[in-house]
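Visitor: One letter stands for each residue in the lines below.
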Amino acid sequence: MLENDTSKERYIELNMGPQHPSTHGVLRLKLLLDGETVKKVEPVIGYLHRNAEKICELDFYCDALIYFDRMDYVGAMNMEVGYLEAAEKLLNIEPPERVLWIRTIMAELNRIASHLVWAGAFGLDLGMLTPFFYVFEQREKVLDLFTEICGSRQETNYMSIGGVYQDFNDKIIYKIKEFTKHFPKTLEEVYNLFVKNDVFISRTKNIGILEPEVALDYGVTGPMLRASGVPYDVRKAEPYLVYDKLNFDIPISKRKDVLARFIVRFEEMRQSVKIINQAIDKIPDGPYFNPKAKKSLMVRLRGEGDVYARTESTKGEFGVYMVGDGSVKPYRVHVRSPSFKNLSVLPYLSRDVLIADMVAISGSIDLVFGEVDR
Amino acid sequence: MNLLLRIADILSILGHYPSFILAYIIETLIVIIFAVVVIAGMVFFFRKYMARVQMRLGPNRVGKGGVLQVMADGLKLIQKESILPEGRDDLAYKIAPILIFFGLIMGFIFIPYGPLAWFGYLTVSHSDVSLIIIFALLAIMPIGEVLSGISSNNKYAVLGALRGVAKDISFEVPMMLSILAVVMMASVKVSDPLNINGVVVAQSIPFAILEPLGFFIFLISMAARASYSPFDMGESDSELVTGNTTEYSGLRFGLFYLGLFGTIFLGSMLISTIYLGGYYGPFTNYLGFIWLLIKTLVLVVISLTIWLSMPRVRIDKFVNFGWKYLLPLSFINLIITGIIIFGGIA
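Chains X and S, in that order, are what the protein sequence lines are. Note that the numbering used here numbers the first sequence so that position 220 is 220, with each residue one more than the last. When you read off a place in the second sequence, starting at 1, and then add 374, the result is the number in the numbering used here.
To be clear, the hints were calculated from the coordinates, so they are not data collected in a lab.
Capping the alpha-carbon separation at 20 Å, the derived lysine to any residue pairs in SDA-like fashion look like this:
#, chain 1, residue 1, chain 2, residue 2
1, S, K529, X, P18
2, S, K529, X, R10
3, S, K698, X, V199
4, S, K563, S, I714
5, S, K691, X, S202
6, S, K691, X, L354
7, S, K529, X, E36
8, S, K422, X, F132
9, S, K698, X, D198
Computed far set for chain S versus chain X, every beta-carbon distance over 12 Å:
#, residue
10, N376
11, S561
12, I579
13, L625
C-beta atoms are modelled at their ideal positions from N, C-alpha and C, and glycine is treated no differently.
Chain X with its partners taken away, still in its complex shape:
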């Protein structure tokens, strides 16, 4: 891009990250700057690589779940759903009806928590201190629910092959209902804190415009793609769990900019509340695990063949490809992680923008590095 330019002194080379307050996690960006203008961005990844896919091959099917928890550590429930969609297909184990509903509720609660974290971090990127604490208070309420249900806050390890770790009781259902009753009001408050601020609008409007064609070329999915006006959501396109029995909308925006991604994520949280409200009323009675996969039999599960399952995680389309060779351990596990694909569009988006805009754009992608590096 700059090969023809002989006067290299004109440009500043700046290393943003991996330890930098506004690159989320351990993203490293090599920037070439002309004054304040970003001429070239080169994301460098791999600082959080933990070899999760390979480790999955060394473990029983039921044990690999915890590595998925630690991929997208902000949206661990959705990671578990993604893994189990593939594993249960491979192992031929049907979870009971009640489990599907429970998993749906947990995944949507987790989607709310994940988007809240994103909103807070995005505010910090733009120099807004206060909304961070407002959203984290709400997120803490979701995590309290998780603690009540699964015993841990973030890396929950709640679901297991053919079931869940613990059944819902009346107290939990009451608490979830309480949360969904009070949450929308606070959500609107936080939403207004952002969008009624002219400075926030001026920082996000018409910044980082992503055309739908480009987005599809780069393989961008999730809220990023929907903010560009493409109504693609795995929950509707290829329903898993019980999403086909629930009534909800896929929010899209025609704005295509950073502001659109913000609006779409907040609308998604509203839709998640809608989903939880429906699901918690319809949740059927029944067992909470498949007896074929009870604890004593779990390590003896064998799978053969290959499967690919895709789910809509909080960041986008999360795909898991698994090959089994008939033994108790998977032969190969591969993950299509949405953050990784979404990150690849950052150099395209931040051509000839200011540093401040580049930070806003990279913030709007919603990167979680556990998932990018795996």
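Model the placement of chain S on the given structure of chain X, informed by the hints.
Guide: Chain S in isolation, oriented as in the chain X frame:
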């Protein structure tokens, strides 16, 4: 009665001149101690207020309600090792925080604090051009900002300093023009309009009412001078790590930090002195100083609320705003003031 004369009176055994010199020194010390106490108080108040806004508790362990936290933090910063970056410009690096703090503290000396009960008027400087001097002193602070940026051999610091300079030059001209309008207005009523005390005396009606446009420009300028959140381009927290202060640690960082809060307080004090009638209010002769404090504190709370709820303005947009809107507006303000004076309305 003036506080200076009172002190000189008490010290009169020493002779005429020595007593006056000593009285000046004592009065200056009083003001400097006031400034330091007020800045420390500001830090504590800010942390408590911020915690309140953000639904947290804030400092609450050291001392009753956390009041000693500021002292503990100060001691921590003093005894900390100051890590010096390699390849720095040593003199500029070391002088930058001192310049900022010096400009700030000197600024406090030229404020007319007004009368307080028995103590009488507290005004250290009786210069006829104190209004000019105080803005000259405030103009020292950007030099510190630039020096800190270019001397610390860090790209983030340079970028922060560049932003800081771009910001400073785009609001200083409108700020001085709005002050010029104030001087014109004051010159109708008093013989020494360049004396900041004269500006206060001239405000039988606060200038904020007579010159709302100038008041608005000056409010924005003071916010940009203190460089808190919508205008913290020099620092650009998290985007450029911490901008020009990136490489500073220990006591030197502490000076930058205190400088920020001190400037908010000094700026609020200047706004209330120049536009809101300073120490004027009911029972001025007894409570003047209290009135000044009340006005200042209200402005401080407003400033902190803005700080906590605003994202950072992008630097090019602020430069645009400064040159395209603030500057023409300040000229319009000047013309309107001229018309008012010429027509003899005020």
